[in-house]
Amino acid sequence: MLTSHEIFVGQFMKNSERRSVYKQIKDLVKKAQTVAQKELEQRRQRLQAKLELEDKLYQEEFAENVKSRIIEIKSERDRRDKEFLQEMIIKRKLEDCYEIREALSRRDMLQVKEAQLEQITEKQRALIRQRQTDEYWRKVCDTHARHYEKQLEKEQRLLKNMKAHKGKGLDEQIALNQHERDLELERKRQEAEELAKHLHELSLEKCRLRVPPKMQIYRKELLDMIAEKKAKREGEECDRIEEHRKLMREIASEQQDHSAALLQRKRAVYKATMEYIDYARRLHNLVEDAEAARNARIDDLRHVDICTKSNLALEVKQKAELAKLYYAELRRQMCEEYERRLREGQEMREQKITENRFVQPAKSKAELLAEQRKVREELDHQL
Numbered sequence: 002m003l004t005s006h007e008i009f010v011g012q013f014m015k016n017s018e019r020r021s022v023y024k025q026i027k028d029l030v031k032k033a034q035t036v037a038q039k040e041l042e043q044r045r046q047r048l049q050a051k052l053e054l055e056d057k058l059y060q061e062e063f064a065e066n067v068k069s070r071i072i073e074i075k076s077e078r079d080r081r082d083k084e085f086l087q088e089m090i091i092k093r094k095l096e097d098c099y100e101i102r103e104a105l106s107r108r109d110m111l112q113v114k115e116a117q118l119e120q121i122t123e124k125q126r127a128l129i130r131q132r133q134t135d136e137y138w139r140k141v142c143d144t145h146a147r148h149y150e151k152q153l154e155k156e157q158r159l160l161k162n163m164k165a166h167k168g169k170g171l172d173e174q175i176a177l178n179q180h181e182r183d184l185e186l187e188r189k190r191q192e193a194e195e196l197a198k199h200l201h202e203l204s205l206e207k208c209r210l211r212v213p214p215k216m217q218i219y220r221k222e223l224l225d226m227i228a229e230k231k232a233k234r235e236g237e238e239c240d241r242i243e244e245h246r247k248l249m250r251e252i253a254s255e256q257q258d259h260s261a262a263l264l265q266r267k268r269a270v271y272k273a274t275m276e277y278i279d280y281a282r283r284l285h286n287l288v289e290d291a292e293a294a295r296n297a298r299i300d301d302l303r304h305v306d307i308c309t310k311s312n313l314a315l316e317v318k319q320k321a322e323l324a325k326l327y328y329a330e331l332r333r334q335m336c337e338e339y340e341r342r343l344r345e346g347q348e349m350r351e352q353k354i355t356e357n358r359f360v361q362p363a364k365s366k367a368e369l370l371a372e373q374r375k376v377r378e379e380l381d382h383q384l
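Residue numbers in the sequence shown follow my numbering, run continuously in steps of one, and reach 384 at the last position.
Because the hints were derived from the structure by calculation, they are not lab data.
Be careful, since some hints might not be right.
As the list claims (entries may be wrong) - Under the rule of at most 30 angstroms between Cα atoms (straight-line distance), these lysine-lysine pairs were calculated in the BS3-like manner:
#	residue 1	residue 2
1	Lys51	Lys318
2	Lys24	Lys272
3	Lys32	Lys310
4	Lys267	Lys24
5	Lys94	Lys83
6	Lys310	Lys39
7	Lys189	Lys151
8	Lys310	Lys51
9	Lys140	Lys151
10	Lys310	Lys320
11	Lys39	Lys27
12	Lys68	Lys51
13	Lys114	Lys94
14	Lys320	Lys32
15	Lys68	Lys83
16	Lys325	Lys39
17	Lys375	Lys75
18	Lys272	Lys32
19	Lys310	Lys31
20	Lys27	Lys318
21	Lys31	Lys320
22	Lys325	Lys310
23	Lys155	Lys189
As the structure is a prediction and not an experimental result, all values here were calculated from the model.
Working from the sequences, and respecting the hints, build out all of it.
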């Protein structure tokens, strides 16, 4: 039988130990949070430095591209000026040479005559084709008219026969006429089917003759390749299904192991509870039970520390991915803005009228320097 003093001592030790463990857990959690915050700040600083470095590199690359583009524009403008000057020189020489001018006029006259002759030939061919088409449709209309006249004569003859033999065998004559008409329709239908079949065979034969042997070999190889890819895809699908089944079996086994481990942990908790009850009953085992409880608390603290670090790592990873997406979007927008500006500059340059230096008066050196200074200021402003 325990005395009140022993019970008080045991309760005091239990409360003191619990408060100490809680304080240790709280201090360790604060320390883990501080370390994680420092690591996060360091990573943020490194990421900011990387972003600044990439921004600087992009600005340098952009400046180099603009400089190279300006050089290309200047060289292209000089090339166009040289070509224009060369063309004007050639044109002036051609205008000064009488023989070349006569030869060019003769060539133009021959080209015009050839074009006119080609137009006349094309018109004659069109008239011939139109005449052939008209002749064909005239024959078709004549054939239809003759067929209609024959059909009309046949019906009139049948009506006369029907009137002549109205008193006797009228039903037999009607049935005979109907049978003849059915036979005629069946014969026409069979002829139309045979004609369509023959036309289909002719079209297939034309297609076969039109396709070269190399194309047939290519089609055969293409069909073989399609069949091989289909078989390969089916094999990959079977492998994927088998892998999925294997994964499901592994998940089921892991769940079973987890259930067994959970049951084992529950049993361990129950056993620890029973040991604690025994500890309360037996005061002389107080030190050993306290040590076991302290170890259990340290394990819990380690679990909390691991969970906290994993959560912080996941949060840092998500923020890094979000920053990466933001940076990609910003870079895309900057590229689009740069391309838009280049297009606008190109459109403005295309809309400008080429200066004819042979008509306008020559500019002085001061005016040329002023224009160059103005262009340089505009380019600096754009950059």
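Looking back at the hints listed earlier, which ones does the structure fail to meet? Hint 18 contradicted; others consistent.
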